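Engineer: If you want this note's numbering, it's the position in the sequence shown, counting the first as 1, plus 1.
No wet-lab data here; the hints were simulated from the structure.
Just so you know, not all the hints are guaranteed correct.
Said to hold, decoys possible - In silico SDA-like links for lysine to any residue, alpha-carbon gap of 25 Å or less: (1) K133 <-> R352; (2) K333 <-> R345; (3) K215 <-> D42; (4) K153 <-> Q86; (5) K153 <-> L128; (6) K133 <-> G357; (7) K76 <-> G62; (8) K153 <-> N130; (9) K133 <-> G23; (10) K147 <-> G28; (11) K123 <-> Y184; (12) K123 <-> M71; (13) K76 <-> K215; (14) K76 <-> R345; (15) K133 <-> Q113; (16) K76 <-> Y179; (17) K76 <-> G28; (18) K76 <-> I175; (19) K123 <-> E176; (20) K133 <-> S172; (21) K76 <-> E56; (22) K215 <-> Y184; (23) K133 <-> N30; (24) K123 <-> P162; (25) K333 <-> S52.
Nothing here was measured: the structure is a model prediction, and the numbers come from that model.
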Amino acid sequence: MARVAKPKVARKVSVTKSKVAGFLSFGPNNDFPQTLLDVIDDSDTASAAMSVRAEFIEGNGFYDLSLSEMIVNRKGETLDDILNQTARNLAEGEVIVLHWSYNGLGQKVGLQVIPWEQIRFKMPDDLGNITKAGIFPYIGSTLYNKRQNENKEVFLYNPDPAVVLAQIEASGGIEQYYGQLQYVPIGGKKGQIYHIPSYAGGSSEFETEAELSKYRYRLVTSDLVTPGFIKGLAPGKTKIENERDTDSLANRVQQHQGAENAGSVFVIEAATQAELDSIKFEPMVMGDLATRYSAMSEEVEAHISRRTRVPNELMGIRKSSSGISFTQIQIKLFSQLMQQTVNRYQRSVERVFSAGFADWHVPVLNRDFGIENLNYFPNDATNGDSTSVAQPG
Numbered sequence: 002m003a004r005v006a007k008p009k010v011a012r013k014v015s016v017t018k019s020k021v022a023g024f025l026s027f028g029p030n031n032d033f034p035q036t037l038l039d040v041i042d043d044s045d046t047a048s049a050a051m052s053v054r055a056e057f058i059e060g061n062g063f064y065d066l067s068l069s070e071m072i073v074n075r076k077g078e079t080l081d082d083i084l085n086q087t088a089r090n091l092a093e094g095e096v097i098v099l100h101w102s103y104n105g106l107g108q109k110v111g112l113q114v115i116p117w118e119q120i121r122f123k124m125p126d127d128l129g130n131i132t133k134a135g136i137f138p139y140i141g142s143t144l145y146n147k148r149q150n151e152n153k154e155v156f157l158y159n160p161d162p163a164v165v166l167a168q169i170e171a172s173g174g175i176e177q178y179y180g181q182l183q184y185v186p187i188g189g190k191k192g193q194i195y196h197i198p199s200y201a202g203g204s205s206e207f208e209t210e211a212e213l214s215k216y217r218y219r220l221v222t223s224d225l226v227t228p229g230f231i232k233g234l235a236p237g238k239t240k241i242e243n244e245r246d247t248d249s250l251a252n253r254v255q256q257h258q259g260a261e262n263a264g265s266v267f268v269i270e271a272a273t274q275a276e277l278d279s280i281k282f283e284p285m286v287m288g289d290l291a292t293r294y295s296a297m298s299e300e301v302e303a304h305i306s307r308r309t310r311v312p313n314e315l316m317g318i319r320k321s322s323s324g325i326s327f328t329q330i331q332i333k334l335f336s337q338l339m340q341q342t343v344n345r346y347q348r349s350v351e352r353v354f355s356a357g358f359a360d361w362h363v364p365v366l367n368r369d370f371g372i373e374n375l376n377y378f379p380n381d382a383t384n385g386d387s388t389s390v391a392q393p394g
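Please take these sequences and the hints and turn them into a complete structure.
Structural biologist: Given below as structure tokens:
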């Protein structure tokens with residue numbers, strides 16, 4: 002069932018020459034991020050965890066509402082849109098990836114977010130420095146499989162006007178200049194070229210949950226039949242090669258197996274009556290399967306919760322002993338715990354955006370780039386509760 006690199010890859014991802022000349026590979030097959038995202042998508046709990054992480058990182062947006070409505074690129078995206086996309090990058094990749102555009106004077110005039118999984122770095126120069134990266138919009142795409150190597154090269158971030166002007170000249174003019182890429186990892190080990198999300202070591206748990214989901218599918222679509230086999234005499238006639246025997250026992254049983262690949266009943270054909278009489282039905286599951294399945298499901302959910310640092314309750318997972326719904330106190334506590342987890346990401350966003358817009362073509366100075374935390378329980382004078390979950394990041 003292994004579709005993603007083993008957990009040890011999260012500790013050290015090999016960086017080798019890519020199939021695309023001049024670029025460093027992200028993982029052995031250059032598809033580590035895409036494979037990781039596929040595995041997350043196959044896991045209900047991991048998908049929910051990423052959504053919760055992004056939701057809490059984004060919070061209620063910037064405190065400064067007029068700042069959040071500022072249009073920052075030709076597509077008409079606002080800074081609030083940029084924050085929303087950045088929250089997704091931070092939740093899944095734990096990196097801030099911003100693409101800054103410049104005018105002919107070397108001034109910043111545009112900003113957009115690049116999905117973290119599309120970034121591949123160029124080979125180091127003779128001094129060992131990496132000065133460029135490539136944006137691969139079609140990498141991992143099945144629809145545009147033949148275009149996976151297409152990319153746009155951009156310089157790595159250095160907003161010094163003198164540097165920007167030199168890059169514009171080296172690119173052959175402003176029409177050929179694609180701006181700069183700012184890649185800011187949050188946490189993790191230092192010295193790695195590509196940042197590996199802290200939760201990536203739990204990818205085996207994501208895959209385990211996906212396999213449990215497939216088991217449920219097979220069980221239901223086969224009408225909850227007990228796995229085993231059916232015995233019968235083999236046809237006496239000689240079968241012509243490659244001929245399909247529609248009246249055979251195997252084909253008749255197959256019609257009642259449920260959805261594709263859902264069958265759990267095998268057919269065994271005997272050559273003689275004596276051989277047939279010696280065959281008996283053997284169930285292939287143990288009597289405590291339901292208990293084992295429930296225990297495995299809860300254990301996997303708990304492991305994913307710990308890896309992603311998202312409380313079970315915020316993903317809608319409730320233990321059988323916890324009652325019909327969560328109490329207000331429980332939700333408030335879980336929200337506070339989640340806020341502690343994302344606080345570092347929010348502070349990083351505030352720091353990066355504040356510094357980035359200080360040298361915007363119209364400098365944005367002394368503005369509050371802080372993010373307002375989610376607060377599901379505002380102060381309510383009617384019930385005497387003066388405790389608030391949300392505290393400024």
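Engineer: Taking 25 Å as the top limit, are the C-alpha atoms of K333 and S52 close enough?
Structural biologist: Distance of about 18 Å is within 25 Å: holds.
Engineer: Taking 25 Å as the top limit, are the C-alpha atoms of K215 and Y184 close enough?
Structural biologist: violated, 37 Å
Engineer: Could you grab the alpha-carbon distance between K133 and N30 and see if it respects the 25 Å cut-off?
Structural biologist: With a Cα-Cα distance of about 21 Å, the restraint between K133 and N30 holds, given a limit of 25 Å.
Engineer: Has the given pair, K76 with Y179, been kept, meaning a C-alpha gap of at most 25 Å?
Structural biologist: Answer holds: K76 to Y179 is near 16 Å, not above 25 Å.
Engineer: Does S172 lie within 25 Å of K133 when you go C-alpha to C-alpha?
Structural biologist: Status holds; Cα separation ~12 Å.
Engineer: So if I understand the rule, the pair passes when the alpha-carbon distance is 25 Å or less; does K123 with M71 pass?
Structural biologist: Distance ~33 Å between K123 and M71 Cα, so the pair is violated.
Engineer: If you draw a straight line from the CA of K76 to the CA of I175, is it 25 Å or shorter?
Structural biologist: This hinted pair holds, its Cα atoms lying about 19 Å apart.
Engineer: Checking one constraint from the list: CA of K76 to CA of K215, max 25 Å. Satisfied?
Structural biologist: violated, 41 Å
Engineer: For the pair supplied as a hint, K123 and Y184, is the alpha-carbon distance within the 25 Å limit?
Structural biologist: holds, 13 Å
Engineer: Does the structure keep K133 and G357 at a Cα separation of 25 Å or less?
Structural biologist: The hint holds at about 19 Å.
Engineer: Is the straight-line distance between the alpha-carbon of K153 and that of Q86 25 Å or less?
Structural biologist: holds, 20 Å
Engineer: Please work out if K153 and N130 have their alpha carbons no farther apart than 25 Å.
Structural biologist: Roughly 19 Å between the alpha carbons, so the hint for K153 and N130 holds.
Comparing the model with each numbered hint stated earlier shows that hints 12, 13, 14, 17, 22 do not hold.
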